[in-house]
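For the record, the sequence lines run as chains A and P.
Read left to right, the first sequence gives residues 1 to 289 (the numbering used here).
Read left to right, the second sequence gives residues 1 to 264 (the numbering used here).
So the derived label-pair ranges between C-beta atoms look like this:
#1 P:96 - A:113: 33 to 41 Å
#2 P:54 - A:272: 37 to 45 Å
#3 P:62 - A:272: 33 to 41 Å
#4 P:41 - A:144: 15 to 23 Å
#5 P:96 - A:249: 31 to 39 Å
It is worth saying that the hints were derived from the structure and are not from the lab.
Note that the coordinates shown come from a computational prediction; the quantities given were computed from them, not determined experimentally.
Ideal Cβ positions, reconstructed from N, Cα and C, are used throughout, including at glycine.
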Amino acid sequence: MTASVITARGLPSAQATVPRLRLTAAWALAPAAAVLFAFWLLPLAHLIVLGGQHRDGGESGYWQVLSSAQYLGSLAQTCLLALATTLAALLLGGISGFFLSRQRFFGRSLLVALLTFPLAFPGVVVGFLVILLAGRQGLFASLGLELAGERWIFAYSLMGLCLGYLYFSIPRVILTVMAACESLDRNLEEAAHSLGAGHWRVICDVIVPGLAPALVSCGAICFATSMGAFGTAFTLGTRLNVTPVAIYNVFTNYANFAVAAALSVVLGALTWAVLLLARRLAKNSRTVL
Amino acid sequence: MKRSTLFIGQLLFTLLVCAFMLVPVLMSLLAGLTRNYFQGVSSGLTFDWLAQVWQAYSPTVWLSLQLAVACALCVCVVGVPAAYALVRMNNRFSRAFEELMVLPVAMPGLASALALLLTYGQFGGFRSSWLFILVGHVLFTLPFLVRPVMAVMQRQQLPVLEEAAASLGAGPIRRFFNVVVPNCQAGILAGVLMVVTLSLGEFNLTWMLHTPMTKTLPVGLADSYASARLEVASAYTLLFLLMIVPLLIALQVIGARLSRGEKP
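Let the sequences and hints guide you as you build the complete structure.
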């Protein structure tokens, strides 16, 4: 994902090309458009319609979701969990990313490499790592047994899920912050220092506002992945009341397609709304992958 | 040079974050090689678990590799022309299209998979073949090729080169294969590596799309986490890491070169 962080806006020369070339270029988009239309837009439209269907003369899927305390509760819990993960990742990753981009020391690039590896780990593997860390036989269990005489087990709760989501959020934040720091104007910081601003003042009034657009768009994508991450929750136990697990249970255990579709649509719409909001807040930014 | 206490503090903090990321990975590697994890390393190291995993799960490894290669090919065929078109058009429509392309990645994978399943699930032959999973992987990985290729194209001043070729009489197809593709090899390489890595590890979509006959590596991993003993699950994870860590290292080397603007 290192490569996708490189942001490049269009060059002015691209605007000045002959229109004839541009028309032939549009043809090159056809295969991608066909794939996206047939396998994403069309199924998505079908899903939206399915969510409105009635089963056995009951209410439509959407109404069942929106009137059930259980589904609404799981949606709220998922949102809160994603929000908490995002904020924690921004804080932890922001500090580390800023440090790594500003300082040069022996082993720095190795540290960056190690910190960004977990980005490509699938959710299931991350779930397993959380179990090794905080499960029944995990590191914290034996640590707690040594120190306090009781096993510290929190892998199978929302806390464990949050830890798991941090695994793929922190590397993303670090990469984004490092890329954004490159484009910060260091003169501004020096000017602030020479005007007598202290260290914290410079961080709060110069650096954080400068990084804000990158932090917002990266935070949005962290939020989005935490909303939809299914693998981690699946490994940690299907008793966790988060929406992806709820969708899976409704679909496989009850074969209730209308409710499963409606839940997916609501979850997707919530995620999309957050991404759009982030776009508004951080103008001129593309979705960071 | 004397470093300030702030530097030391930040370094310790970063090392702590790094430890949080790496300690469980190392524990998993160790557990996969330990004879009995509950007794600890003192029970001896062994490759037995790895052999057992290979016996039970090697089909999932082959299927995953097959999927990753096929996915990379498909994404190249679809994505490189698309990146070219998006760079050339560079208008409101192309930016909207780019966003549309990113959506399958940003949206919950479970929702996309459910949509695919409910729409194309009734076509039994397609549903039960590995091509069904391939479709999901292509959707999910497409932007990871298109983005780096676009970045390289934009930096290479491609429109200028292409106009030169056009003025010398090269047709659109010739221009694409002889000017565009050679000039963005670095981007394509980085994109392909990313696509292969992601395809090998994709779970959210794959879990919904797979059938008992088409189990990929991550699906097998989920199975082993649920049912096998800890050592076997760890050995399986070790196998998976052995497959993707070289890819990740290659990616970082290429990424570093790309951001310095060199040709690999």
